[in-house]
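Put chain U on the given structure of chain V with help from the hints.
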Amino acid sequence: MTIAELSGTQEAILAAYAELIEEVGSDDVSYRVIARRAGIAERTVFRNYPTRVDLLLATAAWIEATLFAREESHSIFDIPLAVREAMQRYDARPELAHVVAETAMRGVSGAAPSPGRAHLERLLDAEVPTLDAAQRRAVIAALSHLDSAGTWVTFRREFGLDRRDIADAAAWAAEAVLDTIRDRVTR
Amino acid sequence: MEEPVDTATAILASAAVLLRERMFDDISYRALADEVGISERTIYRQYPTRAHLLAALSNWIEQTSFPLPPFVTVSDFRAAVHERFRAFDTLPAYAYVGARASAISPTLDTEPAYITRAIEAMLDVAAPTLNRRDRRRIAASLRYFSSAMFWARLRTGFDLDAGDICDAFDRAVDTVLAKLPDATRAEP
Numbered sequence: 001m002t003i004a005e006l007s008g009t010q011e012a013i014l015a016a017y018a019e020l021i022e023e024v025g026s027d028d029v030s031y032r033v034i035a036r037r038a039g040i041a042e043r044t045v046f047r048n049y050p051t052r053v054d055l056l057l058a059t060a061a062w063i064e065a066t067l068f069a070r071e072e073s074h075s076i077f078d079i080p081l082a083v084r085e086a087m088q089r090y091d092a093r094p095e096l097a098h099v100v101a102e103t104a105m106r107g108v109s110g111a112a113p114s115p116g117r118a119h120l121e122r123l124l125d126a127e128v129p130t131l132d133a134a135q136r137r138a139v140i141a142a143l144s145h146l147d148s149a150g151t152w153v154t155f156r157r158e159f160g161l162d163r164r165d166i167a168d169a170a171a172w173a174a175e176a177v178l179d180t181i182r183d184r185v186t187r
Numbered sequence: 188m189e190e191p192v193d194t195a196t197a198i199l200a201s202a203a204v205l206l207r208e209r210m211f212d213d214i215s216y217r218a219l220a221d222e223v224g225i226s227e228r229t230i231y232r233q234y235p236t237r238a239h240l241l242a243a244l245s246n247w248i249e250q251t252s253f254p255l256p257p258f259v260t261v262s263d264f265r266a267a268v269h270e271r272f273r274a275f276d277t278l279p280a281y282a283y284v285g286a287r288a289s290a291i292s293p294t295l296d297t298e299p300a301y302i303t304r305a306i307e308a309m310l311d312v313a314a315p316t317l318n319r320r321d322r323r324r325i326a327a328s329l330r331y332f333s334s335a336m337f338w339a340r341l342r343t344g345f346d347l348d349a350g351d352i353c354d355a356f357d358r359a360v361d362t363v364l365a366k367l368p369d370a371t372r373a374e375p
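Line by line, the protein sequences give chains V and U. Per the numbering used here, the first sequence starts with residue 1, numbered consecutively. Per the numbering used here, the second sequence starts with residue 188, numbered consecutively.
This is chain V alone, in the form it adopts within the complex (with noise of 0.2 Å):
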């Protein structure tokens, strides 16, 4: 289901819960919570999420298509850009991007593990198509890997890096990738 298919009670069940994970973590809050900071019984939330899983992965999609949604980028060489003012917006909500990171890594039961992937291609199949298949997945991969949550997360916890640094690190190695391609350009 994609975001604009969500009902106003859905909606307000993935607020609610995110709301909740920002104030007490995502293991303590119960469905009964969950259904009374959303005005609503505690019932529809389990028609709607029957599983924990459901609403953890719903709500981790939902978060990153508002609260992280990318400006589009018109141009692949826009990306570091995007990337850089992505990962400060997972600086300013910590708990909802280790969230998004983590329902990322949950392997065949998880979320979609690069929800841009498809823009990218688009993006760069328009300004670069003259790369071969494996150049074209490589560029793609590592786009699409810098681009999520888990920068942010591995920057910040394994080198202590600070807001400005981790968008700097993250930007620089997206443009990287990039300069591997610059000279490819057809238009």
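Calculated directly from the structure, the hints in this document are not laboratory data. These figures come from a predicted structure and were not determined experimentally. For every residue, glycine included, the Cβ atom is placed at its ideal position computed from N, Cα and C. Among these hints, one or two may not hold up.
To be verified - To be clear about the criterion: a stretch of chain U counts as covered by chain V if any three or more of its residues have a C-beta under 8 Å from a C-beta of chain V, and this derived list gives those stretches:
1) 220 to 226
2) 276 to 284
3) 297 to 310
4) 321 to 335
What the hints assert, rightly or not - Computed from the model, here is a short list of chain V residues facing chain U with C-beta under 7 Å:
5) L67
6) E102
7) A118
8) A173
Chain U in isolation, oriented as in the chain V frame:
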């Protein structure tokens, strides 16, 4: 598998066994207690939340199933990561637990992983006069491309196997190392 020496390890060993047949989310403290032959309360005492259990399980799996070969040079580093990605491919359920654990909000004051320090040490040797900011950017990028997260994203989102993932990793490493100014590289 080695004999667990204590309750905490016995719990992790049993969780790893259960992980072969179901997802981490489907392993209840109740089922885990039955499997170990202890009370549910004992598990809660060791692992107060599922996030604690996930983090500990990931560490234990990493040590027992995915030991990282030591590396000093860049080519050793590439080989070590390739070996690890191939091991992930043979035990995907375990590798997803590792990817997931590295994305959660830390439950304790976590130390950087061994591979992070090893990458930083490798760069100190390979490019001894590199400035601090560039070294940090390069180290952070290499670390992130060598992570279980990269493997998980390419396997799930791109449907790639270990061979293709190693290829994408090598290309990413090349792009990052291409930014090393020649003057900073150690004399061969």
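Q: Please count how many residues of the region 276 to 284 of chain U have a CB within 8 Å of a CB from chain V and say whether that reaches 3.
A: holds (count 3)
(Q) A closest beta-carbon separation below 7 Å is what the hint needs, so does A173(V) meet it against chain U? (A) It holds, given that the least Cβ distance between A173(V) and chain U is near 4 Å, below 7 Å.
Q) Hey, does the A118(V) contact hint survive, CB to chain U under 7 Å? A) This hint is violated: A118(V) lies away from chain U, its Cβ roughly 11 Å from the closest one there, beyond 7 Å.
Q: Verify the coverage statement for the region 297 to 310 of chain U against chain V, using a C-beta to C-beta distance below 8 Å and requiring 3 or more qualifying residues.
A: holds (count 4)
Q) Is the hint on L67(V) kept, meaning its closest Cβ partner in chain U is under 7 Å away? A) violated, 16 Å
(Q) Does the closest beta carbon of chain U sit nearer than 7 Å to the beta carbon of E102(V)? (A) Since chain U brings a Cβ to about 4 Å from E102(V), closer than 7 Å, the hint holds.
Q: Tell me if chain V covers the region 220 to 226 of chain U under the three-residue, 8 Å CB rule, please?
A: Three-residue rule not met by the region 220 to 226 of chain U, so violated; n is 0.
Q) In terms of beta carbon proximity below 8 Å, does the region 321 to 335 of chain U have 3 or more residues touching chain V? A) Held - the region 321 to 335 of chain U has 10 residues with a Cβ nearer than 8 Å to chain V, which meets the minimum of three.
Checked against the numbered hints above, the structure violates hints 1, 5, 7; every other hint is satisfied.
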